[in-house]
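Under our numbering, the first residue of the sequence shown is numbered 1, with each subsequent residue one higher.
Since the hints were made in silico from the structure, they are not lab data.
Accuracy of the hints is not assured; some may be wrong.
[Said to hold, decoys possible] Distance condition first, Cα-Cα at most 20 Å in a straight line; then the derived SDA-like pairs of lysine to any residue:
1) 15 - 70
2) 18 - 65
3) 15 - 81
4) 18 - 61
5) 18 - 35
6) 18 - 64
7) 18 - 59
8) 15 - 34
9) 18 - 38
10) 18 - 39
11) 18 - 94
12) 15 - 85
13) 15 - 86
14) 18 - 34
15) 18 - 68
16) 18 - 80
All values derive from a computational prediction rather than experimental measurement.
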Amino acid sequence: MGLLFEILAVLAGAKNVKLEVVYFAWVRERIGVPRETVQTEAETVAALVTELRAREDRYDLVFSDVSVVRVALDQTLSDFDAPLDGVSEVAFFPPMTGG
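Based on the provided sequences and hints, a complete structural model is requested.
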């Protein structure tokens, strides 16, 4: 059934890509997994977060306040409005502090 949906999405012109999504620190603890492969039609990080929040309550809880979450695309610090075109890995983590 999944292959059928992928074919229909391609025929309809929808962008459907696989991304490796990685979680660190308390984000990982609340999501419950260190990483996962996500099939998405999202074109930006914000759209990906919207898709994740719709999946389950644990994602909704983590991403309810994105001001306390940082994002990196292919290991480069980025913003939530950044495009996902050409990206293979998205990482979410809390802000880091020095000391």
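Results of checking the hints against the structure:
With a CA separation close to 25 Å, the supplied pair residue 15 and residue 70 exceeds the 20 Å bound. For the hint linking residue 18 to residue 65, the alpha-carbon distance of about 25 Å lies beyond 20 Å, and the restraint is violated. Of the supplied pair hints, the one linking residue 15 and residue 81 holds, its CA atoms being roughly 17 Å apart against a limit of 20 Å. Under the criterion of a C-alpha separation no larger than 20 Å, the hint pairing residue 18 with residue 61 is inconsistent with the structure, at around 23 Å.
Our distance criterion of 20 Å between C-alpha atoms is met by residue 18 and residue 35, whose separation comes to about 13 Å. For the hint linking residue 18 to residue 64, the alpha-carbon distance of about 23 Å lies beyond 20 Å, and the restraint is violated. For the hint linking residue 18 to residue 59, the alpha-carbon distance of about 18 Å falls within 20 Å, and the restraint holds. Of the pairs offered as hints, the one joining residue 15 and residue 34 is violated, with about 26 Å between alpha carbons and a cut-off of 20 Å exceeded.
The hinted pair formed by residue 18 and residue 38 meets the criterion: a straight-line CA distance of about 5 Å does not exceed 20 Å. Restraint check for residue 18 and residue 39: satisfied, since their Cα atoms lie roughly 4 Å apart, inside the 20 Å limit. Of the pairs offered as hints, the one joining residue 18 and residue 94 is violated, with about 24 Å between alpha carbons and a cut-off of 20 Å exceeded. About 10 Å separates the Cα atoms of residue 15 and residue 85, which keeps this hinted pair within 20 Å; it holds.
At most 20 Å may separate the alpha-carbon atoms for a hinted pair to count; residue 15 and residue 86 meet this at roughly 12 Å. Restraint check for residue 18 and residue 34: satisfied, since their Cα atoms lie roughly 17 Å apart, inside the 20 Å limit. With a C-alpha separation of about 25 Å, the suggested pairing of residue 18 with residue 68 is violated against the 20 Å cut-off. For the hint pairing residue 18 with residue 80, the CA-to-CA distance comes to about 18 Å; that is within 20 Å, so the pair holds.
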